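K.L.:
With the hints as extra help, turn the sequences into a complete structure.
For the protein sequence lines, the chains are A and B, in the order given. For the first sequence, position 121 (counting from the first letter as 1) is numbered 121 according to the working numbering, and the numbering increases by one without interruption. When you read off a place in the second sequence, starting at 1, and then add 1000, the result is the number in the working numbering.
Incorrect hints may have been included.
[What the hints assert, rightly or not] Some chain A residues close to chain B (C-beta under 7 angstroms, calculated; not the full set):
1) Pro40
2) Ser45
3) Ile46
4) Ser47
5) Met49
6) Leu53
7) Gly66
8) Pro68
9) His69
10) Phe71
11) Lys76
12) Ile77
13) Tyr221
Keep in mind the hints are simulated off the structure, nothing from the lab. Quick caveat, the model's predicted, so the values are computed rather than measured. Beta carbons: idealized from backbone N, C-alpha and C, even for Gly.
There are 2 protein chains.
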Amino acid sequence: MLSEFGLFLGRKRNRYVVRNSKEKKEILSTDVEQIHILNPGVSLSISAMRLALTNQTLVVLGSRNGWPHGFVVPAKISGTIRGKREQFLAYQDSRGATLAKRFASGKAYNQRNLLKLLWKNRVRTEPSLAEMLYKASEEVEKLARETEAINGDSVDKIRTDVMNREARASKEYWTAISSLIPAELGFPGRKTRGATDPVNAMLNFGYKAMLFVECWKAIYYAGLDPYAGYLHADRPGKPSLALDFMEEFRQHTVDRVILAIFSKKMLKAEEITEFDEAKNQQRLSKQTIQVLTKEITGQLESDVAYRGERCQLKDAIQNQARSLVAYLMNPAKAYSTFELAW
Amino acid sequence: MLSEFGLFLGRKRNRYVVRNSKEKKEILSTDVEQIHILNPGVSLSISAMRLALTNQTLVVLGSRNGWPHGFVVPAKISGTIRGKREQFLAYQDSRGATLAKRFASGKAYNQRNLLKLLWKNRVRTEPSLAEMLYKASEEVEKLARETEAINGDSVDKIRTDVMNREARASKEYWTAISSLIPAELGFPGRKTRGATDPVNAMLNFGYKAMLFVECWKAIYYAGLDPYAGYLHADRPGKPSLALDFMEEFRQHTVDRVILAIFSKKMLKAEEITEFDEAKNQQRLSKQTIQVLTKEITGQLESDVAYRGERCQLKDAIQNQARSLVAYLMNPAKAYSTFELAW
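P.N.:
Here's what the structure looks like:
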């Protein structure tokens, strides 16, 4: 993650060289999984980009607050395009409908699980708050079950119903979560676009700049098309499969980490955002970006229970992308979403 | 085309700034259609890349002799993915077979047309050479017609037959062309991979580093997947639709230009390649790359007859990509290949 103005990324044989006007650091290229640039004032050499392409290391042209601008991708890709072909065919058959329901219900089950985890931690200390969390978890679970039970043999037929449940589950979830967010942060409820309040700005950074990039990479290197999704397929130009795929990882990768940042008081409320003169609006401070980057990266590298074993969360994301391909090529191999343990 | 070691590409508002240790040049971003980097010693700033992404200007991480290593692509794409979906569906129906035949026959008709053009220019001055060219053109035409007449309702059923005609037409064509190439260049016949003789190295540079990039860009920005082709579809990892699509432009964009470089004696035989100590083989000299870049770019910007009007060759390539999408979405809009006038 390169976020300092004036940084230069070069190459020396199989090492990256990062330097600013004062110091220079060398990093073995095989120790780098991703080069993520948040500051437009960073420069990099073509030979460094080639080294990244050779090692299948994604270079992300990020933006400070939100969606990345672009990616450096190899001219040749690994593997065949059979998975991609099935990805497009699946849109018209029951596989697309099954996946849309699963992505949405997977998200809702994880919302329920995070609510239950929060309930468990408060059941003795704050019983009335805990009860509210428990009730919300039951409502969200009901909606997750309803999502799973929707009938219809193609994604176009069920999308409205799925989206409706998804919106209701998210409303329950965020209403409950908001009672855990310090009042001085003035959380107005969950907002996706153009939110400048501290909490939504932090959530958006976590989802767009960090989790989305992990999901885009997993989808791309699994040989699927990030732009051809099921649940989000009606949004032109959007990387809709990457958006679909990130649903099941939101709670564990981002929401939980941001709640921990608040409960551990790692950031002072008034220091989270700062005023951006150029854009005439609030934006995340450098310090907030550092904390979010460090904490979410730490979470991605932490161990999770996954299919009866333990692995790093980021490896679980990559494995889920491979499971998705496996399901598309052979629907007998059911796709189960990643589930947050509580 | 940035091919000098130590160049830096930066940005100043809506301008690119190119500088080396001695001088600095500013170029208005809207005057730039493509940023193509051949030298690994070039560096560029993220803000320059963002400017390129905003303007849909492709940034190509090229290599000195051949295929590009990678591309900088936007995280969001323009338009819908309907074209892509049809592209994948078409593989299994008659559209895929029709396109495979058309790409191959389009190439062969252009081989015939270039042979006829060369015949026409020599019919008075060198009648026996002219006659050989004419005969070859007739053989190639016969194979083009045979390609068109192949029966089969999916590309898998006809690929071997199509490839067989394509190989025979190319053999006739290159055997005839070789008699126009100065003997001192020692042209061993057409070779694609690993060729280090001057003529094949020049052809490979023209196809891979220049024409391929134009075709990749046209395919990508028309909303199709460069990796999912018909004729070249059995080559894993290869950008097979971009390869399919470039067939019809090879003769006019590259072959003809290289023949003109020889007939105008723009390069001395012994200066075309130089020895690359690091790789222990011959490679194109800096001067050859400059001449090829200038001449092929000039050809891409020259006017061609296209559907009863005149436009630049590079615009014809982009229009052909849009025609391809139109055909995939509605087979009533037949796809006709670009044809070299003679």
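K.L.:
Evaluate each hint against the coordinates.
P.N.:
Hint-by-hint comparison with the structure:
Taking 7 angstroms as the C-beta contact cut-off toward chain B, the hint placing Pro40/A at the interface holds, the least distance being around 4 angstroms. Evaluation of the Ser45/A hint against chain B yields a held restraint, the C-beta minimum of about 4 angstroms falling below 7 angstroms. Nearest Cβ of chain B to the Cβ of Ile46/A: about 5 angstroms, under the 7 angstroms cut. The hint holds. Restraint check, Ser47/A versus chain B: the minimum CB separation of about 4 angstroms is within 7 angstroms; hint holds.
With a least beta-carbon distance of about 6 angstroms to chain B, the hint placing Met49/A at the interface is held under the 7 angstroms criterion. A hinted interface residue such as Leu53/A counts as satisfied when its beta carbon comes closer than 7 angstroms to some beta carbon of chain B; here the least separation is about 5 angstroms, so the hint holds. This hint is violated: Gly66/A has a C-beta 10 angstroms from the nearest C-beta of chain B, more than the 7 angstroms allowed. Because the smallest distance between the Cβ of Pro68/A and any Cβ of chain B comes to about 5 angstroms, under 7 angstroms, the interface hint for this residue holds.
This hint holds: His69/A has a C-beta 5 angstroms from the nearest C-beta of chain B, less than the 7 angstroms allowed. Interface hint at Phe71/A: satisfied, since its Cβ lies 6 angstroms from the closest Cβ of chain B, which is below the 7 angstroms cut-off. At a threshold of 7 angstroms, the smallest CB-CB gap from Lys76/A to chain B is about 5 angstroms, leaving the interface hint in force. Annotation: interface hint on Ile77/A holds; nearest CB of chain B at approximately 5 angstroms, less than 7 angstroms.
Interface restraint check: Tyr221/A against chain B, minimum CB-CB distance 12 angstroms, threshold 7 angstroms, status violated.
Checked against the numbered hints above, the structure breaks hints 7 and 13 and satisfies the rest.
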